[in-house]
Structures are given as C-alpha cells and as structure tokens.
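Colleague: Since the structure of chain A is already known, use the hints to place chain B on it.
Spelled out from the first residue to the last, the chains are:
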Amino acid sequence: MKGLRWAVRTLGEVLITLGLLLLLFVAWQLWWTDVAANSAQAVTVQALEKGFGPANLAERGTAQPLATLTRVPFGEAFAIMRIPRFGADFARPVLQGTDHDTLTKGIGHYQGTAFPGQVGNFAVAGHRTTYGKPFSNVDLLQKGDVIVVETKASYIVYAVDRHVIVTPDHVDVIAPVPQHPGVQPTQAWMTMTACHPRFSASQRYVVFAKLVKRIPRASGLPASFMAVPAGTVG
Amino acid sequence: MYGPLWRLLPGPWPVKALLSLVLVAGVVAVCFLWLFPAIAPYMPFNGNSVGVP
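Residue numbers (the working numbering), protein chains in the order written: chain A, 1 to 234; chain B, 235 to 287.
Chain B with its partners taken away, still in its complex shape:
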C-alpha cells in the first residue's frame, strides 16, 4: 500500500518525502474539515439535551 505509493511519487527521495508530507496534510485537512464533522453527530458521547430518544 505505502510501498507502491512511494514508488509512484516522482523525483529523488527529498522530493518524495516532501510530497508525502503534503499528502498527509491533505488527508488530515479532509478529515478535520469534512469527514469528522460529518460522523461526530453519530458518536454516543455528544448528547447534552433531554428529550424523547
């Protein structure tokens, strides 16, 4: 999984490393901005109000 990805990245290893960091930052951004906010309402620890379930 990560092996082929590393081979797919162009350039010498410093360039590959930099590109990898950019990819990781992109994944974190997608998670923080869209993925996690979307799944948070389904987490069992987020209730603060009273009501009929």
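Extracted from the complex, chain A is given alone in its bound form:
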C-alpha cells in the first residue's frame, strides 16, 4: 500500500513537471526566441553596415559601383533588407541558405537562386512568427510597396507585384520566372516566402516583387524610397 502511494505520488509529480516544461517551451519559442533573435539580428545588421562602409561618399579604389554578388558562403550575411511598410527602421540581415539554423539568424536566401538585382529570381525565406519574425507582417504588403536590398555595391529596389498562398511543396514560386518553371528569365524578380497561417507550417505566404532600380551605393538611396506608406500600422 505504501509502495502504491509512492508510485502514484511520483507519477503525479512527473506529470506536473512535464506540463511545466511544456509551458516553458512555449514561453521560450514564442517569447525568448524573439528577444534573442532581435538583438542578434540587429548586431548583424550593424556589422554589415560597418562592412559596407558609408554611403554618399565617392567610391575609392577600383570597385565597380554596380558589381553584383556571385558567390556567398553558406550561412554568411551578405545584404540588409529594408521594408518601409514594416516600419522606417525595419532592417534585417539576409544570409545565404534557408535551413533552420540560418533562418533563426535572419532572412535566408535560397541557394542557387539569383542574387539581388540579377535577372532571375532573388528568392528569400523568413520567419512569420518566432526568431525575430522578420516576415511577421508579410500579409500587409501591397502592390507597389518598396523593398530595398542593400549590398556592398548597391541599393536594389524592388516593388511588390502580387502574392499567392500555396502548399510548401510549390517550388515553382522560386523559379527564375516565378510560377513559370523552365521559362528563361528576362527580368529581375524577388520572391519572399513565410509560413501561413501564423503559427502553422501547413501553407506558405508568398510575395513576388519586381526590380525597380539598382542604385550604386556611392550615389546613396533617395529618401523617397524609404518613405513609410500611408496606412501602416505600427
């Protein structure tokens, strides 16, 4: 009888402990990953800005002002994405690769797709929830909204064209011509993928944007591109 009491009590304590651990996991996932990733990603953006050097200054050396990226090692941050619709100070690092670990550090670039500004499709993925949620408000993007991708050589300005919601197996959204796999690209596209609905991974919210302009870094980014669109919340 005493052994049974002990067993029941211990079982109860173990179950309560497991329940508390599950709650702790939820707190970690929904709160702590944002706290940690937001500060880490801000540090990455600062380091990139420092590495890119100041804008509005005459280029020194022989670097071509519009040189495009050709190769970036996996996991390395190589660009800053600014989206005025998400706030005037929204700036997130873009890293090479889209695995779990890379996406906790910022926006991930699908390996093998075009680099910013190139003809083809510059395809990226980002978290809609947790880990700093860079694409939290991806569903608020409207046709014409500006997306600025800043690299060492240039500011690449895209404008949102349209969006689709698809199942995660739709790799055609990152094709060189989005949704037209096998077609030879003649324009520079950009694709953003994020999970949909929020807190689920059953679908993907996908936004397509088209290149508007490539501006050499030395010329500086016109302030008009960074104007926060009317009707932006938060």
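Any given hint might turn out to be false.
Which chain B residues face chain A? A few, computed with CB under 7 Å, are given here [what the hints assert, rightly or not]:
no., residue
1, Met-235
2, Tyr-236
3, Cys-265
4, Phe-266
5, Phe-270
6, Pro-275
7, Phe-279
8, Gly-281
9, Asn-282
10, Ser-283
11, Val-284
Stretch by stretch, here's where chain B covers chain A in the computed footprint (C-beta under 8 Å, at least three residues) [to be verified]:
no., segment
12, 10-16
13, 19-25
14, 28-35
15, 120-127
16, 171-180
17, 200-206
Computed far set for chain B versus chain A, every beta-carbon distance over 12 Å [claimed, not checked]:
no., residue
18, Arg-241
19, Leu-242
20, Leu-243
21, Gly-245
22, Pro-246
23, Trp-247
24, Pro-248
25, Val-249
26, Ala-251
27, Leu-252
28, Leu-253
29, Leu-255
30, Val-256
Keep in mind the hints are simulated off the structure, nothing from the lab. These figures come from a predicted structure and were not determined experimentally. Just so you know, even glycine gets a beta-carbon here, dropped at the ideal spot from N, CA and C.
Modeller: For chain B alone, coordinates are given in the frame of chain A:
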C-alpha cells in the same frame, strides 16, 4: 520525487528554499540554452521555406 530532494538539501528551510530556486533557475537555463534549441527544428510549426520534403 520532490520530497526526498527537499530533505537532501542542507541547512534550515530558508537555505533549502534558496537552493531550490537556484536549481530551478539552472533547469530553466539548460532548457533555454541547449534543450529547446535542439528540439525546435523538429517542431511542425517552424517551416518557412518551400522545397521538396
């Protein structure tokens, strides 16, 4: 489980309570820093990219 642990902790009850808090903080730290990051990739709600599963 918790009864024997409480008896195992040395000192009067305030000391035991303080030690318990330290232990709890340690467990939370281990979970936040190592355990949860290790199991997060296996959670079904963390997908953001498209690809062949």
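Colleague: If a hint holds in the structure, say so; if it doesn't, say that too.
Modeller: Evaluation of the provided hints:
For Met-235/B, the interface hint holds, since its Cβ comes within 7 Å of a Cβ in chain A; the closest pair sits about 4 Å apart. Hint status for Tyr-236/B relative to chain A: holds, with the closest Cβ pair at about 6 Å, below 7 Å. With 7 Å as the threshold, the beta carbon of Cys-265/B comes within range of chain A, its nearest partner Cβ sitting at about 6 Å, so the hint holds. With 7 Å as the threshold, the beta carbon of Phe-266/B comes within range of chain A, its nearest partner Cβ sitting at about 6 Å, so the hint holds.
A least Cβ separation of about 5 Å between Phe-270/B and chain A falls short of the 7 Å threshold, and the interface hint therefore holds. Given hint, Pro-275/B at the interface with chain A, holds; its Cβ is 4 Å from that chain's nearest Cβ, closer than 7 Å. Hint on Phe-279/B holds. Least Cβ distance to chain A is approximately 5 Å, under the 7 Å limit. Hint on Gly-281/B holds. Least Cβ distance to chain A is approximately 4 Å, under the 7 Å limit.
Interface hint status for Asn-282/B: upheld, as the beta-carbon distance to the closest one in chain A is roughly 5 Å, under 7 Å. Because the smallest distance between the Cβ of Ser-283/B and any Cβ of chain A comes to about 4 Å, under 7 Å, the interface hint for this residue holds. With its C-beta approaching chain A no nearer than about 5 Å, Val-284/B sits inside the 7 Å limit, and its interface hint holds. Look at the segment 10-16 of chain A against chain B: 3 of its residues bring a Cβ nearer than 8 Å to a Cβ of that chain, three or more, so the hint holds.
By the rule of at least three residues with a Cβ nearer than 8 Å to a Cβ of chain B, the coverage given for the segment 19-25 of chain A holds, with 3 such residues. Coverage of the segment 28-35 of chain A by chain B holds. Counting CB-CB distances below 8 Å, 4 residues qualify, and the rule asks for three or more. A stretch counts as covered by a chain when three or more of its residues have a beta carbon under 8 Å from one of that chain; for the segment 120-127 of chain A and chain B the count is 3, and the coverage holds. Figure legend: the segment 171-180 of chain A, annotated as covered by chain B; annotation consistent (3 residues with Cβ-Cβ distances under 8 Å, at least 3 required).
Residues of the segment 200-206 of chain A with a Cβ under 8 Å from some Cβ of chain B number 4, which satisfies the need for three, so the listed coverage holds. The claim that Arg-241/B lies off the interface holds: its Cβ sits roughly 14 Å from the closest Cβ of chain A, which is beyond the 12 Å cut-off. Consistency note on Leu-242/B: stated as away from chain A, and its beta-carbon is indeed over 12 Å from all of that chain's, at 15 Å minimum. The non-interface label for Leu-243/B is consistent with chain A: the shortest C-beta to C-beta separation is roughly 16 Å, beyond 12 Å.
No beta-carbon of chain A is positioned within 12 Å of the beta-carbon of Gly-245/B; the least distance is around 23 Å. No beta-carbon of chain A is positioned within 12 Å of the beta-carbon of Pro-246/B; the least distance is around 24 Å. Even its closest Cβ contact with chain A, about 20 Å, leaves Trp-247/B beyond 12 Å, as expected for a residue assigned away from the interface. Every CB of chain A lies more than 12 Å from the CB of Pro-248/B, the least distance being 23 Å, so the non-interface label holds.
Consistency note on Val-249/B: stated as away from chain A, and its beta-carbon is indeed over 12 Å from all of that chain's, at 22 Å minimum. Remark: the non-interface label on Ala-251/B is consistent with the geometry, its nearest Cβ contact in chain A lying 18 Å away (cut-off 12 Å). With a cut of 12 Å on Cβ distances, Leu-252/B stays outside the contact zone with chain A, its closest approach being about 20 Å. No Cβ of chain A comes within 12 Å of the Cβ of Leu-253/B; the nearest lies about 18 Å off, and the non-interface call holds.
No Cβ of chain A approaches the Cβ of Leu-255/B within 12 Å, the least distance being about 15 Å, so the stated non-interface status holds. Residue placement check: Val-256/B keeps its beta carbon more than 12 Å from all beta carbons of chain A (closest about 17 Å).
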